[in-house]
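If you're matching them up, the sequences are chains F and V in order. For the first sequence, the tail end lands on 495 under my numbering, and the numbers increase by one without skipping. For the second sequence, the tail end lands on 483 under my numbering, and the numbers increase by one without skipping.
Honestly, the hints are just simulated from the structure, not real lab data. Backbone N, C-alpha and C fix where the C-beta goes; we use that ideal spot for every residue, glycine too. It cannot be assumed that every hint is accurate.
To be verified - Facing chain V, according to a computed beta carbon distance under 8 Å, are these residues of chain F, among others: (1) G206; (2) V208; (3) H237; (4) P239; (5) S242; (6) A324; (7) A328; (8) D334; (9) A345; (10) L348.
Claimed, not checked - With a cut-off of at most 25 Å between alpha-carbon atoms, the simulated DSS-like pairs for lysine-lysine come out as follows: (11) K450(V) with K354(F); (12) K389(F) with K73(V); (13) K391(V) with K450(V); (14) K419(F) with K474(F); (15) K391(V) with K389(F); (16) K354(F) with K104(F).
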Amino acid sequence: MITPDALKKLDLASASELLEKREISSVGLCEAYLARTNEVDGNVKAFLNIDRENILSQAAESDKRRLEGKELSPYDGIPIAIKDCISVSGQPCTCASKILENFKSPYDSTVVKRLKEKGLVIFGRTNMDEFAMGSSCENSAYMKTANPWDLSRVPGGSSGGSAASVAASEVPVSLGSDTGGSIRQPAAFCGVTGLKPTYGRVSRYGLVAFASSLDQIGPIGHSVLDTAAILDIIGGHDPLDSTSLPEESGTFADAVRKSSGGNLKGVKIGIPKEYFNIDAIEPGVKAVMEESVNILQALGAETIEISLPHTEYAIAVYYIIATAEASANLARFDGIRYGVRPSDASDLNSLYFKMRGHGFGKEVKRRIILGTYVLSSGYYDAYYLRGQKVRTLIRNDFMNAFQKCDIIFAPATPSAAFKFGEKSDPLQMYLADIFTIAVNLAGTCAISLPAGIDKATSMPVGMQFIAPPLGEHKMLSVSKIFEENRGIKAFIPSL
Amino acid sequence: MSKYEAVIGLEVHVQVKTGSKMFCSCPNSYGEGPNTMVCPVCMGYPGVMPVANKEAIRRTIIAGLMCSCEIPKYSKFDRKSYFYPDMPKNYQISQYDLPFCLKGKIHISGKGFSGNELPNKDIGITRIHLEEDVAKSTHFPGASGIDFNRAGVPLMEIVSEPEMKSADEAYAYLTSLKQIMQYAGISDCDMEKGQMRCDVNISIMPCGADTFGTKVELKNLNSFRAVHRSIEYEISRQEDAVENGIKICQETRGWNDDQGETYLMRSKENAHDYRYFPEPDLMPIEFTNEDIEKFGKEIPELPEAKRERFVAKFGLTPYDAHVLTLEKSYADYFEEGIKHTNTPKLLANWIISELLRELAASNTSINECGISPKNLGAMIELINNDTISGKIAKTVFSEMFTSGKAPEEIVEEKGLVQVTDESAIESFVEQAIRENQTQVEQYKSGNNPKVLQFFVGQVMKLSKGKANPQTVVKLLQKNLGSI
Ligand SMILES: [Zn+2]
Chain F
1 MITPDALKKL DLASASELLE KREISSVGLC EAYLARTNEV DGNVKAFLNI
51 DRENILSQAA ESDKRRLEGK ELSPYDGIPI AIKDCISVSG QPCTCASKIL
101 ENFKSPYDST VVKRLKEKGL VIFGRTNMDE FAMGSSCENS AYMKTANPWD
151 LSRVPGGSSG GSAASVAASE VPVSLGSDTG GSIRQPAAFC GVTGLKPTYG
201 RVSRYGLVAF ASSLDQIGPI GHSVLDTAAI LDIIGGHDPL DSTSLPEESG
251 TFADAVRKSS GGNLKGVKIG IPKEYFNIDA IEPGVKAVME ESVNILQALG
301 AETIEISLPH TEYAIAVYYI IATAEASANL ARFDGIRYGV RPSDASDLNS
351 LYFKMRGHGF GKEVKRRIIL GTYVLSSGYY DAYYLRGQKV RTLIRNDFMN
401 AFQKCDIIFA PATPSAAFKF GEKSDPLQMY LADIFTIAVN LAGTCAISLP
451 AGIDKATSMP VGMQFIAPPL GEHKMLSVSK IFEENRGIKA FIPSL
Chain V
1 MSKYEAVIGL EVHVQVKTGS KMFCSCPNSY GEGPNTMVCP VCMGYPGVMP
51 VANKEAIRRT IIAGLMCSCE IPKYSKFDRK SYFYPDMPKN YQISQYDLPF
101 CLKGKIHISG KGFSGNELPN KDIGITRIHL EEDVAKSTHF PGASGIDFNR
151 AGVPLMEIVS EPEMKSADEA YAYLTSLKQI MQYAGISDCD MEKGQMRCDV
201 NISIMPCGAD TFGTKVELKN LNSFRAVHRS IEYEISRQED AVENGIKICQ
251 ETRGWNDDQG ETYLMRSKEN AHDYRYFPEP DLMPIEFTNE DIEKFGKEIP
301 ELPEAKRERF VAKFGLTPYD AHVLTLEKSY ADYFEEGIKH TNTPKLLANW
351 IISELLRELA ASNTSINECG ISPKNLGAMI ELINNDTISG KIAKTVFSEM
401 FTSGKAPEEI VEEKGLVQVT DESAIESFVE QAIRENQTQV EQYKSGNNPK
451 VLQFFVGQVM KLSKGKANPQ TVVKLLQKNL GSI
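So here's chain F without its partners, still in its complex pose (with noise of 0.2 Å):
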């Protein structure tokens, strides 16, 4: 058995390790996490759906395996939570959507078969902006996902619970998805690691798509050790996403474990001048970033200021190109052939309209209009194709920045988690995403990492390393040495 206390502190590496020496078996485990998620997700509210009988039989299985004495992966029966918009066959699939409300996906995710294929227990589906789109957790047709470390607080987005359930030890581990941010963000606001791999790195098959050339499955954990080691198991080319890239997947949690005690002498780190000169940085993330470089630049890393000079347009081309690929991805919840349709429509149209209507939220429909416009004959030209331009721009600034260091240093948000209601502007709430949009329309992989405590809220801050395209072995690599050489060695909310 395991005390309720050591599963706060229990994390993927550790839990592997008590299964291997079969110091408790997976229904052990999954039964500690089951009741650990009845004491806190009341108020949490992290997850949209649990089912307990498919989660204890899963173990089970994994028990039985053992006990037969089958060559087992190392995290085998160990419990994984799933953000609401990635596919597993039989389970619900609502993206926080009331569109999609009682829709039961009929097929694996990419990524749910792998973990599947390596005996993780598949638990729970987390809750998310509604189509992730949100940085908050606010956009979630059922339900507010609260910050563990303060329950008046968002969790962030979209990936918030997710985020939230890992920081609450409501699981080991968790996958969310990153379209410009959704895994960085809530992870930095909920004090936990979370890693958001090169675009293609991870099949996306299965993901329901929100911008296409954007999206990118990744982990949150409690270590950079534990991300890596289900990026190990996720990422890997896949013949069903037709973007996904040949790059084997495998030795991520090795690199991270050699550079274990290690030191930071020889690596080039830059720090982009634009994102310091930010007004909405607020004081208690500069000065966790201070201290962040004064460790790096201690663990013998050499810190070099560097540019990038479109900064600036990130957010806007982002909120052209992924509500353009937005506006016809989520075309085809029409009520036609899945979802529950509306009993009153008269005719063709009026089934469109009531069920889109009715069925999407706010934020999701403004961006559906938003990508809608921008498409538009007329509009075409001046909007998306200058969006595309200037994303190129953006990558190029990135490419010619990893000319001069080896890894990147960033805040990963502006400020810590911040209150319900508190950003009620959408604008406000898009500015949220600063640090973390330019990474998506670069394609290149980042992670965000706890770093220290916000002295105005008690709250967890992040920081982003942000690496070149498959630059994930040397980013974990120094992502490792940096957390072991932080400030605070473990951020465990008191919930």
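Fit chain V with the ligand to the known structure of chain F by using the hints.
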């Protein structure tokens, strides 16, 4: 002569024959139960992604090369957005500005559908692009049903230049296009099964003018004949309108085959804004020179080349060659048959005059025909080696057609082997002479060939058609001469 000339362009959709659909692994098959050939991908379920069918792309490139198209080295897929229940994602994956094939042409010549001579000319092809087919809607009283089996079937769109001037030219263009597609095995082009569909863009202008009139689009054309009729109707409708001072509107019109009329479907005000943008779920497609060269080597022999070869190599008449290449299946049948006989000309005659007639009468296709090419070749060999006469062969042929049996088997079963034994024939000859003294007198008085023919007939009757005709003639001449 009319004061006006018509300007006609065609948009032809052709389903590409592949094992699986364009973007998923569902079978590409026709005639299955509704919604049985579907999966999350072709049903547009949340989270699915398309994977482009390489075979469909290969066949499209080959179709393009056969129509003398340029193959750009860089192509991509785009999303074309509009809401309709037959479209699972409410966008269609298609190609917008960078299609697989550009700037081709198709040659037309010879006699047109209405019997007039066609101008000998090329019709330009603007582009050929590849997309996914939509589902099939069926409307019942009070409800509609959608069958998604067709959704996602690879579909080529072949857009011509507005270079046709008559219904005959359009008909000839379609015939040529169909022939090419069938020849390359790209599609069966069965219009009844929806494998080939055609929309017509048509306008008229005063003869010799250089600006086109307002174009009208014609849809719902379910046969080449309907294309021909609708164009003729539309030309005269537009001429009447212009003559009466009525402005032609840019609109889409349907064709009512029973009434023989076009009717308004939608006007331009309701035109769609398709909001094309590059499909982010698929990578652009790049070809090297070597790729395109390799595709070029896969082009099958075109009908024109086949005709020339049939004349030169097998000694067929140009007419025979023309008929045998009308459909690739005819040519294939002929080429399979000549492996089993040494007289291609005779085989061609039998195919053209007997087989095609029987097929038409029984409304069967040559592929479903009871007589295999091998059996027809074998039957001709039975004639050539005097086992059966040409006349008996007709009996054998009809038996083969209905039973599908081999000719040797039929000849054996029915005892149809030709009698070549002179003594056996001689007894029939003697009997015929004995029983027809009047004709013997006539023969002696004038050695009349008609009378000889009469005796041949009598002998054949007595031998139940089995006597070898040459032997009969020889013996008749000998016996009658000696009287
Ligand atoms: Zn399918």
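Structure-based check of all given hints:
no.: 1; hint: G206; verdict: holds, 5 Å
no.: 2; hint: V208; verdict: holds, 4 Å
no.: 3; hint: H237; verdict: violated, 12 Å
no.: 4; hint: P239; verdict: holds, 7 Å
no.: 5; hint: S242; verdict: holds, 5 Å
no.: 6; hint: A324; verdict: holds, 6 Å
no.: 7; hint: A328; verdict: holds, 5 Å
no.: 8; hint: D334; verdict: holds, 6 Å
no.: 9; hint: A345; verdict: violated, 12 Å
no.: 10; hint: L348; verdict: holds, 7 Å
no.: 11; hint: K450(V) with K354(F); verdict: violated, 89 Å
no.: 12; hint: K389(F) with K73(V); verdict: holds, 22 Å
no.: 13; hint: K391(V) with K450(V); verdict: holds, 19 Å
no.: 14; hint: K419(F) with K474(F); verdict: violated, 35 Å
no.: 15; hint: K391(V) with K389(F); verdict: violated, 79 Å
no.: 16; hint: K354(F) with K104(F); verdict: holds, 21 Å
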